[in-house]
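Going down the list, the protein sequences come from chains A and B.
By numbering that gives the first Met the number 0, the letter at position 215 of the first sequence is numbered 214, and the numbering carries on one by one without gaps.
By numbering that gives the first Met the number 0, the letter at position 11 of the second sequence is numbered 10, and the numbering carries on one by one without gaps.
Think of the hints as simulated: they come from the structure by calculation, not from any bench.
Calculated pairs, EDC-like style, for lysine to aspartate or glutamate (alpha carbon to alpha carbon, straight line, at most 16 Å):
1. B:Lys-118 / B:Asp-94
2. A:Lys-289 / B:Asp-278
3. A:Lys-161 / B:Asp-155
4. A:Lys-225 / A:Glu-318
5. B:Lys-118 / A:Asp-243
Predicted, not measured: the structure shown is a model, and the values here were computed from it.
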Amino acid sequence: MPAGSSAMIDESILHALREIVGPEHVLTDPEDLLLYAYDASIHSGRPDVVVFPESTEQVSRIMALAHAHRIPVIPRGGGTNLSGGSVASQGGIVLTLSRMTKVREIDIPNQRAVVEAGLYNLALQEILAPYGYLYAPDPASQKVSTLGGNVAENAGGPHCLKYGVTTNHVLGLEVVLYDGRVIQLGGKAFDTPGYDLVGLLVGSEGTLGVVTAVTVRLLHVPEAIKTMLAIFDDLDGASQAVSDIIAAGIVPATLEMMDQLMMRAVEEATHAGYPTDAEAVLIIELDGLKDGMEEIAEQIVEICRRNRARAVQVARSAEERDKLWAGRRGAFGATGRIKPAYLVNDGTVPRTALPQVLRQVREIGQRYGLPIGNVFHAGDGNLHPLILFDPREEGILELVERAGAEIMRICVEAGGTITGEHGIGLEKIHGMPLIASPAAIQAMRWVKEAFDPIDLLNPGKVLPQTSVGVPS
Amino acid sequence: MNPEEMLTKLERVLSPQQVITSDLCSACEVDGRRPSIVARPQDAGEVGELLALCSREGWGVIPWGSGTQMGIGNIPRRYDVALDLGALDEIVDYDAPNLTLTAGAGCTLRALQELVEGKRQLLPLDPPAAERATLGGVVAANAFGPSRLRYGAARDIVLGMQVALANGEVIDVGGKTVKNVAGYDLTRAFIGSYGTLGVITRVTCRLFPMPPERRWMLIGFDRAGDAFAFVQQVLDSVLLPTSLDLVQGRVVPNRSDVSLWGVIGLEGTPEVIQRQYRDLSAMAASVQARHVEQLADEEPEGQQIRRLVQDMPAVSPEPLVVRLYVPISAVGSLWSAVQHLEAEGQASLNLLARPGLGVLYLMAQARDAHLSLIASTLQSLAGEMGGHAIIERIPAEHKVHLDVWGTPRSDWPLMQALKARFDPAGILSPGRFIGRL
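Let the hints inform the model, and build the full structure from the sequences given.
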């Protein structure tokens, strides 16, 4: 019997699930299941049932039940995954954590917060703001992506250039294991003795355990912020400016790039004030103490000018800054005005390779006849080429996937990797051998076996040709 | 197994001049155990072959850098081969424009830092005994120093590595970009694994621009309470000192007239340093601090202060060294609590606090018979305060009944499962890690 075929979930299991979470929190209608068959990627897979637990104890009981009956479980947060990691490709139970949104503790003296996995990233920021604190990782999806999902993907965001990614800000996890056991990893203090299991869980895409609560590190809201928009008539100048700024010893909080195609889409959608006639812009933000910030800003302006920037504008008010960011954060969605679907690549390269890789990406788009827009974290070399397409066109998906695979390859050839923050999921599983040798993939499999020896959690993701399987 | 027999087998893997059986083995003692052989492979491939041989033969093997962290760990269950990684000292890729450095595990931190300083860059790892410490050793031990407050530890700075596994395979994990989520983050698993999961042969680090200026600030306090009130103000502020250490007054040469010294590292543009100096001085005044002074990093006195706070846990002569971790706001209470040991006449103490990290080092002189009791008391104390304690140094006989890592927690079965898969023959630093893994 194939893993997760609906035949595994009979009425008695549905009954048990309803007992655990209450009947109103179990979905089995075909229309409902269809809604949960998707995430933000181009992949889909229909679950057999969707459950919404509200406590760690309920999650534990669901896992124990799934374990007893060998039913795959796919943990899910906001469903914003961009690599197919949260779709039920083999059926089974979709375990949605959206009801687990409690803030267990805001501990300002210790600069920590303990929150449940279903809380939205932005909701946490809003709770922290009155205290003058923030949680640094800020994925563009923060309005609708959950802390648990951020942990599963090791999410980044524009401000990760200066502050690091999720793994640098998560100190503890409450995790439900494949058999229902609940364990605590790490905590408020640093360096819990033993292996860094928090480090392994972060970015494991829901394949090692169900994260139910997260202990995060809080940082002060910086005293001063300066946001600049540098406008370029050629892409090369913009990408060279990125390298030059870093080489000058400046570490801005963000260094984002957007090309013309993306600006046009964004402007139509949000009127953020981007110059649609320019080839590219950089959104550069400085933060920290106000002292000396002006001089650094001037240095940046000078570097941009040297690289043929047409103009460098400074946001004059918080509103102007918010508008620029709203446009940037809404960029993926705005592409809907050009084509109804996109495949977003996530390759990351050493930043000096940006000019060359961007040229190659453009060339790939021309060769396949596919429009490709770029909006990305240039400072960390994390590209997001969006290949835009209409899935109703016959044979287009295959073309798109081939173009995507080529982009992955050029990123690896440039000394980079196939994914910086969106994860392997299903989409890039065939790309894994590009960056990991068979022995390295085997070592990753040992990790999977140590945490989930019967491959119950999010099966078929991350690792190609998993040798462990659900015993029939 | 007798050394002659081992030698014959080893020489099929390594050339004879890379295998030592003589008295030099005494230099590689761990907790009083001496290996039969010291092996010095020339590259990662040889490390792999050596590990595969050890796995087949069941020989216990302990990787060595320069030995600065070797006191940390339980007594080895078995110790046949000391694996000297000193020959892996190649600079593989110094990519200055991209701020990354890939180097062999045997490179000394000092050599790498001098290299990158030539291009006005910084490899901000400052563990104790950094003069001798090797890159691989620092990463394997997740060793850190004062500047972790600003730059993080190896866990935050290391982007990728090459590792030889117990089965002989050599794998690359991570990469050279800051963002990388391709597969499980094995890099994090090897950092701080103390040579029990694999042998790190090469490391890729993130570098930082060298700050335009660095200075040290010394603040004298009459009472511990004042010092921690000051620290709380600093941590609650928008200021970003690079480091923030507290030591007892008597340890700073020629300046022993206060109860505690705060040693603060500042860096950045002159404007940023002066602003912080001004604000910190005001905070110090608000708690009636007695003495505020600024030292340039280049001055001999600045260097002396830097070395004092960085090296103290390694160079202090006491037989017991414990590193305690608690949530950051509890460091003040922990400082007072441990002083009862001294007040009750059980021990004389030397303390070093890094309050922004929630870390307190305690170095104790006491009657030998009392050391275990003091160590386990400290482990319970840290546990009660929401943290834990690692016994960094204690005479080996005390380790027979004491796990230097503390009591294993609910996550231990997972660690055991990982160890069983990565090292099925149990040859990598056997018995040394938590729960005697």
